[in-house]
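Peer 1: Chain by chain, the residues run as shown.
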Amino acid sequence: MQHAKLLGYLTLFALGGAGCLAIVSSQGGGEAELPIEPRAPNPRDVAVQPGYRLEVVAKDLTYPSGITFDDQGRAVVLEAGYAYGEDFATGRLVRIEADGKKTVLAQGKNVPWTGVQYQGGDFYLVEGGTVEGGRIVKIGQDGKRTVLAENLPSFGDHHTNGPAVGDDGYVYFGQGTATNSGVVGEDNWEFGWLKRHPAFHDIPCKDVTLTGENFTTDNPLTEDEDDEAVTGAFLPFAAASTKGQVIKGQVPCSGAVMRVSKDGGPVELVAWGFRNPFGLRFAPNGKLYVTDNGYDTRGSRPVFGNADWLWEVEKGRWYGWPDFADGHRMDTASDNRYTPMFGDHIRSLVTTMDAPPPAPTALFPVHSSATGLDFSRNAKFGFEGQAFVALFGDMAANVGKVLNPVGYSVVRVDPKTGVMYDFAVNKGHRSEPASKNEGGGLERPVDVKFDPAGEKLYIVDYGTLVVDDDVTQGYRRTGVLWRIVPDGVK
Amino acid sequence: MNKMHIVLVAAGATAVALGVACGSQQSSPPVAGAEPKLDTAELKHGEALFMRNCNQCHPGGAGGLGPALNNKPAPKGAIALVIRTGPGQMPRFSHDDLSADDVDAITDYVVALRNAKSDAEEMAAAK
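Order-wise, the sequence lines are chains A and B. Be aware that the first sequence starts at 1, since it is given in this note's numbering, and climbs by one per residue. Be aware that the second sequence starts at 1001, since it is given in this note's numbering, and climbs by one per residue.
Incorrect hints may appear among the rest.
Unchecked claim - Simulated restraints, written as ranges between beta carbons of each label pair:
| no. | chain 1 | residue 1 | chain 2 | residue 2 | range |
| --- | --- | --- | --- | --- | --- |
| 1 | A | P38 | B | D1119 | 33 to 41 Å |
| 2 | B | R1084 | A | P38 | 48 to 56 Å |
| 3 | B | D1119 | A | D142 | 54 to 62 Å |
Don't read these hints as lab results, they were simulated from the structure. Just so you know, even glycine gets a beta-carbon here, dropped at the ideal spot from N, CA and C.
Looking at chain B on its own, in the form it has when it is part of the complex:
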């Protein structure tokens, strides 16, 4: 693979990633009552932290001021990295703001939101 090929592939992949990250048409189909199943104390903790720190820009995990979270296949490590680095206009959350356990709890909750959205879509499709 020559250098030009690598540059083109990287540029194309970045464009796709930007589309995934920012695509406003890709946010959650709202389904009232489609709440995530929170069966552990850590998930409830993550829910409370999410509501204090994240929900303002990503309401219910969907898009708002910021992009949607619940339509992206980002692994937990990527979510945690975003929380710590604050890309673009997103604020950066330091260890003074959120402990490592807090970030873990939030990432688990975000995944639960994503799963709840998938379940709701399947139920809606089945009707």
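Next comes chain A alone, as it looks inside the complex:
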């Protein structure tokens, strides 16, 4: 016992002297050793909540990103048609037949296709729009395609996401930001989009007054290796800001939840100040919730150690981006907690904002990439009223360093308390993807939805996506559709 205590205090001493992050290399789940073995999904390699079982419904999907169910209860999966690392494929809406065969209902090139919901005979589909700008599209069962909204600002880091179709006749969707934290930088060049759209930048939803913070970087847009660029917030790359400069707000905008009528019409702002509002869903109590990915430790204004979030969306509210994290103002946060190791102290970019943001409903692990969600509505499944959330998994080391893989699982969250526990996670010594632990379990869960009866939870597993020497690479035909079924339900 004395030895245990001594080791405990020495551990404390060791941590205090350096800090693990300073001395250990990053251990992200995507930092796999190549080549990647062919995928063979095996439910036995996944630990699920006792009283439930996991089944494979479909495999060999290419970058699946969402799921919905038609009038006959058939699963219809969305294939994104895009992977980070600039692998452009075809976006597809694919019905999974009872015998496992796949029927393509629609396809397109304005990828990534990020989400879909079926309601009243129509599919409401989100074209993420890294090619032509984000779109909200309605597709009838006869294949007729109606664009409800277009030219959404999706050329940057994050895309148009969602949707959630409300009972009020509107399609709600999320729009991610162009950048990590408000400033276009060399990281956006490395992502690829700054070459295609050198004038693209974040757009505020309402007028903002800048503090005049500027950031100096190399200028990859010119051939002069010594050329430098000075860039301010909400401005194109190499455009400096001045103190007191006002950037006019407009809609559609970056980092927002917006909506459009199911019949089309103007895009309306619902709430803003998000970073990457990805998964939207109405809870059984009628409230709208959204998952949101926190800042990365990258680019001109890197931010360290903030969570991903689950927010309850209040109409008209501002949620904190680009100056707040976890509900805290970053420039005055205690202990400089969001400042990267050896990095500059984070200063605010804007002086005028609405009221401070609310506290998040729940905080997900740092870099876990909280994505799709749904709420349990049926006692047969259990956990009624709780949210089930897909954690896509970290993209370290591109987004920052981690000591262990983070995410690659499905968690359940009590929205009343923010308490969360794993519901499905790979067996093994770490919560890492199948490609890392060489098993047959989960790779990157990206969406979860209950079937129409609310008895079975479907997991859309995007497939293998690795980060090798800072190069991101997706593997086509590695996506899997899983299903969690309670014992006693066929």
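Place chain B on chain A using the hints.
Peer 2: Only chain B this time, still in chain A's reference frame:
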């Protein structure tokens, strides 16, 4: 024991401690549903505080951005000291952030997580 001997022992012990503290291979074997038994109001309070303040870096007590907590034999006093001092990149939680009772509740919850992990490992081994 001469001075050189003391220095060598201290250096070796610190290296072991760093390995224990940072060793990424030592995090929890995830077992879904292996939740800690929370039979007191204080433990439930500790759970809620942990989820708000700690879970982001130590998900479920396992490693993530930060090191795992549930594989270390650290006594409650050491856990509380870490919370107050914020070693390395970890934020420091002052009395304005967390009261003494709050810290006690969190340390109790961390121990409960550790026990839940041990129970889950034993169950897995028995299968």
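Peer 1: Each hint needs a verdict: does it hold in this structure or not?
Peer 2: Status of the hints after comparison with the structure:
1. A:P38 / B:D1119: 33 to 41 Å: holds (36 Å)
2. B:R1084 / A:P38: 48 to 56 Å: Holds, since R1084 of chain B and P38 of chain A (Cβ atoms, about 50 Å apart) stay within the stated range.
3. B:D1119 / A:D142: 54 to 62 Å: Check passed, 56 Å falls within 54 to 62 Å.
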